[in-house]
Amino acid sequence: SQTIHQWPATLVQPVGSPLSLECTVEGTSNPNLYWYRQAAGRGLQLLFYSVGIGQISSEVPQNLSASRPQDRQFILSSKKLLLSDSGFYLCAWGGWETEQFFGPGTRLTVL
Amino acid sequence: GENVEQHPSTLSVQEGDSAVIKCTYSDSASNYFPWYKQELGKRPQLIIDIRSNVGEKKDQRIAVTLNKTAKHFSLHITETQPEDSAVYFCAASSGSQGNLIFGKGTKLSVKP
Chain A
1 SQTIHQWPAT LVQPVGSPLS LECTVEGTSN PNLYWYRQAA GRGLQLLFYS VGIGQISSEV
61 PQNLSASRPQ DRQFILSSKK LLLSDSGFYL CAWGGWETEQ FFGPGTRLTV L
Chain B
1001 GENVEQHPST LSVQEGDSAV IKCTYSDSAS NYFPWYKQEL GKRPQLIIDI RSNVGEKKDQ
1061 RIAVTLNKTA KHFSLHITET QPEDSAVYFC AASSGSQGNL IFGKGTKLSV KP
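So the sequences go chain by chain: A and B.
No gaps in the numbering here: position 62 of the first sequence is 62 in the numbering used here, and each next residue is one more.
In short: position in the second sequence from 1, add 1000, done, that's the numbering used here.
Source of the hints: derived by calculation from the structure; they are not laboratory data.
All figures in this text were calculated on a predicted structure; none of them were measured in a lab.
Certain hints may be false.
If you want the ones that stay clear, here's a sample from chain B, every Cβ over 10 Å from chain A, calculated [stated by the list, open to error]:
1. Leu1011
2. Glu1015
3. Asn1031
4. Lys1071
5. Pro1082
6. Ser1093
7. Asn1099
8. Gly1105
Stretch by stretch, here's where chain B covers chain A in the computed footprint (C-beta under 8 Å, at least three residues) [to be verified]:
9. 43-56
10. 88-95
Within a straight-line C-alpha distance of at most 20 Å, the following computed EDC-like cross-link-like pairs (lysine to aspartate or glutamate) qualify [as the list claims (entries may be wrong)]:
11. Lys1104(B) to Glu22(A)
12. Lys1071(B) to Glu1002(B)
13. Lys1068(B) to Asp85(A)
14. Lys1107(B) to Asp1027(B)
15. Lys1104(B) to Glu59(A)
16. Lys1058(B) to Glu99(A)
17. Lys1042(B) to Glu1083(B)
18. Lys1057(B) to Glu59(A)
19. Lys1057(B) to Glu99(A)
20. Lys1071(B) to Asp1049(B)
21. Lys1037(B) to Glu99(A)
Ideal Cβ positions, reconstructed from N, Cα and C, are used throughout, including at glycine.
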């Protein structure tokens, strides 16, 4: 069966510091991969999605970037964090017009 | 592109009552409509989904209805229980990309 991992689970970072969040998927090949951000009490904001290695589409302009160095690995990065980057970051995988499966999430607090 | 509107944003019901959450979408090419439940601090999880060739689908106390002509779909929860309290998200597949476009969520509170 398919599983999705995210780490770290929680992270507290100062403003201006770099960020790297990692997501890996097991049990499937060539999945579509997604990064979402969820502010406290808010909805799911799609940040990036990828249909294959090296293919990244950005949905919202921001100071974040994403990379997909391997088929089942998706990385979210920032060179300098802002206070507004705080939130719950969710990685998900899915196919064409099918269910998306979410990872356990990373709770990021920027101070 | 696809746009999904979800109402209400908050819903409070008494235990045992029914709850209804409604969503509308804009892309007539959308074919897949899932509903997710997110408990506090946890990941969203699929509770029920429906495809465009079906008008209604039921799973125990949960049902989803779809009206493709009007471009709206609804989640119905009967005999609500306190453990139904959570945030519920509807979504619709994007006709051009196959991605899911999510509504903004409904916070459901079931009072004992």
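The hints, checked one at a time:
Even its closest Cβ contact with chain A, about 15 Å, leaves Leu1011(B) beyond 10 Å, as expected for a residue assigned away from the interface. Residue-level check passed: Glu1015(B) sits 23 Å from the nearest beta carbon of chain A, beyond 10 Å. Taking the minimum C-beta to C-beta distance to chain A, about 5 Å, the non-interface status of Asn1031(B) is violated against the 10 Å cut. Consistency note on Lys1071(B): stated as away from chain A, and its beta-carbon is indeed over 10 Å from all of that chain's, at 16 Å minimum.
Every CB of chain A lies more than 10 Å from the CB of Pro1082(B), the least distance being 20 Å, so the non-interface label holds. Against the 10 Å criterion, Ser1093(B) falls within the reach of chain A, whose nearest CB is about 4 Å from its own CB. Against chain A, the non-interface label of Asn1099(B) is violated: not every CB pair exceeds 10 Å, the least being about 6 Å. For Gly1105(B), the condition that its CB be more than 10 Å from all CB atoms of chain A is violated, with the nearest at approximately 5 Å.
Proximity of the region 43-56 of chain A to chain B, defined as three or more residues with a beta carbon under 8 Å from a beta carbon of that chain, is established by the 4 residues found. Here's how the region 88-95 of chain A fares: 3 of its residues keep a CB closer than 8 Å to some CB of chain B, so the rule of at least three is met and the hint holds. For the hint pairing Lys1104(B) with Glu22(A), the CA-to-CA distance comes to about 25 Å; that exceeds 20 Å, so the pair is violated. For the given pair, Lys1071(B) sits about 11 Å from Glu1002(B) by alpha-carbon distance, which is consistent with the 20 Å threshold.
Distance restraint check for Lys1068(B) and Asp85(A): the Cα-Cα separation of roughly 37 Å exceeds the 20 Å cut-off, and the hinted pair is therefore not satisfied. Taken as a hint, the Lys1107(B) and Asp1027(B) pair is broken in the structure, with Cα atoms around 25 Å apart against an allowance of 20 Å. Distance restraint check for Lys1104(B) and Glu59(A): the Cα-Cα separation of roughly 16 Å lies within the 20 Å cut-off, and the hinted pair is therefore satisfied. A hinted pair counts as satisfied when its Cα atoms are at most 20 Å apart, and Lys1058(B) with Glu99(A) qualifies at roughly 17 Å.
At most 20 Å may separate the alpha-carbon atoms for a hinted pair to count; Lys1042(B) and Glu1083(B) meet this at roughly 14 Å. A C-alpha spacing of about 32 Å is found between Lys1057(B) and Glu59(A), which places the hinted pair above 20 Å, so the restraint is violated. Distance restraint check for Lys1057(B) and Glu99(A): the Cα-Cα separation of roughly 16 Å lies within the 20 Å cut-off, and the hinted pair is therefore satisfied. Of the pairs offered as hints, the one joining Lys1071(B) and Asp1049(B) holds, with about 15 Å between alpha carbons and a cut-off of 20 Å not exceeded.
Restraint check for Lys1037(B) and Glu99(A): satisfied, since their Cα atoms lie roughly 13 Å apart, inside the 20 Å limit.
The structure fails to meet hints 3, 6, 7, 8, 11, 13, 14, 18 from the earlier list, while all remaining hints are met.
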